[in-house]
Amino acid sequence: MIRFFTSIGGFLLGALIFAFLLTISFNPNFFAKAMLKDFAKSIAQPADNSLDKFLDESVLEPILDSPQTLTSLGLHQLDFLTNHNEKLDDYSVEKSETDHEKFLVYYEKLNNFDETKLPNSAKLNLQVAKFAANIEKRGFENFRYYMGPFIQFYGTHLSFVNFMTDTHKLVTEKDAEDYIKRISHIPRAIEQLMIFEKRRAEAGIYSPKFVYEKTLLQLTSLIETPTDQHPLFISFKDASESMNLDDDKKEYMFLNLSDNIEKFKSSYTKLKILVEENSKNARQFDGVWSLPNGDDYYKHRLQIFTTTDLTADEIHNLGLQMVEEIQSEIRRILSEEGYDTNRPLADLFVELNNDPRFLFEDSDKGREAILEEYRRINEETYAMLPDYFNELPEAKVIVKRVPIFSEKSAAGGYYQGSSLDGSRPAAWYANLYDINATQTFKMPALSFHEAVPGHHLQIALNQENQNQTLWNKFGYRTSAFSEGWALYAERLAVEAGLIKDPYEMIGSLQSELFRAARLVVDTGLHSKEWTREEAIVYMMDNAGEVRSESESEIERYIVWPAQATSYMIGRIKIMELRERAKAELGNRFNIKDFHSVVLMNGILPLTVLEALVDQYIKENS
Numbered sequence: 001m002i003r004f005f006t007s008i009g010g011f012l013l014g015a016l017i018f019a020f021l022l023t024i025s026f027n028p029n030f031f032a033k034a035m036l037k038d039f040a041k042s043i044a045q046p047a048d049n050s051l052d053k054f055l056d057e058s059v060l061e062p063i064l065d066s067p068q069t070l071t072s073l074g075l076h077q078l079d080f081l082t083n084h085n086e087k088l089d090d091y092s093v094e095k096s097e098t099d100h101e102k103f104l105v106y107y108e109k110l111n112n113f114d115e116t117k118l119p120n121s122a123k124l125n126l127q128v129a130k131f132a133a134n135i136e137k138r139g140f141e142n143f144r145y146y147m148g149p150f151i152q153f154y155g156t157h158l159s160f161v162n163f164m165t166d167t168h169k170l171v172t173e174k175d176a177e178d179y180i181k182r183i184s185h186i187p188r189a190i191e192q193l194m195i196f197e198k199r200r201a202e203a204g205i206y207s208p209k210f211v212y213e214k215t216l217l218q219l220t221s222l223i224e225t226p227t228d229q230h231p232l233f234i235s236f237k238d239a240s241e242s243m244n245l246d247d248d249k250k251e252y253m254f255l256n257l258s259d260n261i262e263k264f265k266s267s268y269t270k271l272k273i274l275v276e277e278n279s280k281n282a283r284q285f286d287g288v289w290s291l292p293n294g295d296d297y298y299k300h301r302l303q304i305f306t307t308t309d310l311t312a313d314e315i316h317n318l319g320l321q322m323v324e325e326i327q328s329e330i331r332r333i334l335s336e337e338g339y340d341t342n343r344p345l346a347d348l349f350v351e352l353n354n355d356p357r358f359l360f361e362d363s364d365k366g367r368e369a370i371l372e373e374y375r376r377i378n379e380e381t382y383a384m385l386p387d388y389f390n391e392l393p394e395a396k397v398i399v400k401r402v403p404i405f406s407e408k409s410a411a412g413g414y415y416q417g418s419s420l421d422g423s424r425p426a427a428w429y430a431n432l433y434d435i436n437a438t439q440t441f442k443m444p445a446l447s448f449h450e451a452v453p454g455h456h457l458q459i460a461l462n463q464e465n466q467n468q469t470l471w472n473k474f475g476y477r478t479s480a481f482s483e484g485w486a487l488y489a490e491r492l493a494v495e496a497g498l499i500k501d502p503y504e505m506i507g508s509l510q511s512e513l514f515r516a517a518r519l520v521v522d523t524g525l526h527s528k529e530w531t532r533e534e535a536i537v538y539m540m541d542n543a544g545e546v547r548s549e550s551e552s553e554i555e556r557y558i559v560w561p562a563q564a565t566s567y568m569i570g571r572i573k574i575m576e577l578r579e580r581a582k583a584e585l586g587n588r589f590n591i592k593d594f595h596s597v598v599l600m601n602g603i604l605p606l607t608v609l610e611a612l613v614d615q616y617i618k619e620n621s
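Its first residue numbered 1, the sequence shown is counted upward by one per residue in the numbering used here.
Source of the hints: derived by calculation from the structure; they are not laboratory data. Do not take every clue at face value.
What the hints assert, rightly or not - Using 27 angstroms as the maximum straight-line C-alpha spacing, the simulated DSS-like pairs for lysine-lysine come out as follows:
hint, residue 1, residue 2
1, 87, 280
2, 102, 53
3, 130, 37
4, 102, 87
5, 408, 169
Said to hold, decoys possible - Computed spacing ranges between beta-carbons, pair by pair:
hint, residue 1, residue 2, range
6, 466, 590, 14 to 24 angstroms
7, 114, 204, 39 to 49 angstroms
8, 283, 220, 16 to 26 angstroms
9, 145, 600, 36 to 46 angstroms
10, 114, 57, 17 to 27 angstroms
11, 92, 355, 51 to 61 angstroms
Given the structure is predicted, the values throughout are model-derived calculations rather than measurements. C-beta atoms are modelled at their ideal positions from N, C-alpha and C, and glycine is treated no differently.
Start from the sequences and build out the full structure, keeping to the hints where you can.
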């Protein structure tokens with residue numbers, strides 16, 4: 001068989017060939033899938049056994065079935081077949097039910113594979129696929145309506161705007177036309193998601209009061225912002241200035257865009273009415289323990305996010321122990337710096353957080369200074385990577401500000417990977433809403449986590465690794481691995497000597513303390529019946545968070561149960577495996593090789609990662 005697409009350039013040539021073939025027999029889905037398969041050969045290792053072929057095939061259809069995924073991945077060359085850049089995903093209840101029926105067929109076939117007849121790499125993939133499939137099956141069948149789409153923390157009402165302003169490519173006139181068409185589909189998507197929200201209510205599943213209140217504030221802002229100042233308008237206006245559009249064309253586009261933004265506002269007004277109605281039945285308690293079968297639901301969530309069978313009690317007690325240990329180390333450093341450590345640690349944290357030495361000017365200039373400092377830290381960190389890693393990604397990462405319209409409820413920072421074609425660079429977003437929540441001594445740890453050697457290093461390597469199958473790249477995700485790695489990376493940067501003074505060491509320890517405290521508050525909220533206020537106060541008193549940070553974080557844990565436990569559980573396992581390898585291999589241990597084992601085999605459940613590291617130890621003993 002002739003291989004047409006060995007590069008992006010070859011991919012374009014193949015697109016022309018397929019365009020010709022379409023004139024003979026038009027079947028866009030067939031050709032789109034064929035093109036995607038062949039393009040996959042340039043980014044992934046072709047499957048060479050029955051299981052991996054089956055798993056790769058299981059990835060293709062969901063990608064092709066999701067216009068937003070195709071755009072996010074940067075597969076713009078398929079657009080002449082799929083027209084995906086002008087569409088949104090189908091969010092209907094019917095679509096999710098059809099998808100589940102397809103999943104059950106996949107599930108049955110997956111469980112019919114004979115592991116004894118597979119090569120070792122495929123056995124590994126089978127373990128991961130079965131683990132993921134069992135969790136997905138149980139979740140859909142038992143807890144389908146427990147997670148709401150309109151939450152204050154990255155709800156779909158916000159993600160649509162983020163997607164249009166940050167992900168949709170706006171370079172050509174065609175991109176601009178697609179942008180306007182895509183916005184016209186948001187009302188339909190909102191209507192579909194409103195049906196899901198009504199199903200939740202029928203099942204007796206409601207969110208706490210604060211979720212509705214904060215979501216309503218976000219909706220009100222997106223509704224009442226004048227059209228010519230709306231983020232959807234500003235994003236288009238800024239991009240259009242570099243396009244070669246004549247005045248008549250530009251005027252026509254702005255009229256269409258304005259009309260679609262008005263329709264967007266109308267749909268959000270309808271959503272606002274529904275949210276106001278549901279808020280009347282807001283659940284009294286914050287934790288999911290108060291939901292029907294809430295304890296089983298939380299156990300399920302812990303399995304998703306820790307990939308272990310650790311119980312809520314075990315995680316809670318582990319968190320309490322780690323909080324005490326890390327606090328003791330922070331007190332030791334503060335004592336050496338002349339602080340009275342007989343005072344409550346919470347008071348010492350407040351003093352540090354409010355110390356003018358560590359704060360930026362509350363202005364646009366001050367916020368830009370924060371971004372510049374993050375860029376400096378990132379550049380400096382890149383220099384240490386060759387001493388610790390055999391493989392480094394080609395893609396670089398940039399630093400951006402969290403969009404203003406979503407920063408009030410967003411996390412302190414988050415990462416977004418690059419598109420496959422490189423048209424959208426990888427970026428990590430810093431939250432500058434409360435400028436006094438950014439202290440200079442905390443900045444290195446956050447940069448290590450979000451950029452390198454944290455999220456960007458791991459995700460970009462996975463994306464660029466051509467020794468993995470397509471399923472290895474896109475078939476499974478877990479924050480136990482990705483967030484566990486990012487937290488491990490913070491400690492690795494300390495070991496590499498990137499912390500310059502005692503205060504930055506306190507900042508690094510505070511970051512670890514923050515994740516240890518998450519083990520306590522997440523399980524406290526969802527298993528031990530803590531209130532939102534109890535959890536906020538615990539984070540302020542024990543983790544050194546300012547009030548605004550603690551509120552945002554605790555409200556995130558409430559609507560995203562168990563996710564916050566993944567960071568420290570994952571980090572503990574990776575560190576445990578490294579120490580095991582060092583102890584058993586002695587002078588044969590090589591940290592670069594250990595990192596290759598962890599990073600170059602895809603994203604794995606922690607139990608599977610442990611088996612892989614044990615195999616590495618055995619082979620090198």
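Hints, one by one, checked against the model:
1. Among the hinted pairs, residue 87 with residue 280 is inconsistent with the structure: their alpha-carbon atoms are about 34 angstroms apart, more than 27 angstroms.
2. This hinted pair checks out: residue 102 and residue 53 have alpha carbons roughly 17 angstroms apart, not beyond 27 angstroms.
3. The straight-line distance between the Cα atoms of residue 130 and residue 37 is roughly 24 angstroms, inside the 27 angstroms bound, and the hint therefore holds.
4. Between the alpha carbons of residue 102 and residue 87 the distance comes to roughly 22 angstroms, so the proposed pair stays at or under 27 angstroms and holds.
5. A hinted pair counts as satisfied when its Cα atoms are at most 27 angstroms apart, and residue 408 with residue 169 qualifies at roughly 26 angstroms.
6. Hint check: residue 466 to residue 590, Cβ distance near 23 angstroms, so the stated range 14 to 24 angstroms holds.
7. Separated by about 43 angstroms at the C-beta atoms, residue 114 and residue 204 satisfy the suggested range of 39 to 49 angstroms.
8. At roughly 23 angstroms, the beta carbons of residue 283 and residue 220 sit within the given window of 16 to 26 angstroms.
9. For the pair residue 145 and residue 600, the supplied restraint of 36 to 46 angstroms holds, since their beta-carbon distance comes to about 38 angstroms.
10. Residue 114 and residue 57 have their C-beta atoms about 18 angstroms apart, which keeps the hinted 17 to 27 angstroms range intact.
11. Between residue 92 and residue 355 the CB atoms are about 53 angstroms apart, so this pair conforms to the stated range of 51 to 61 angstroms.
Hint violations for this structure: number 1 only, all remaining hints satisfied.
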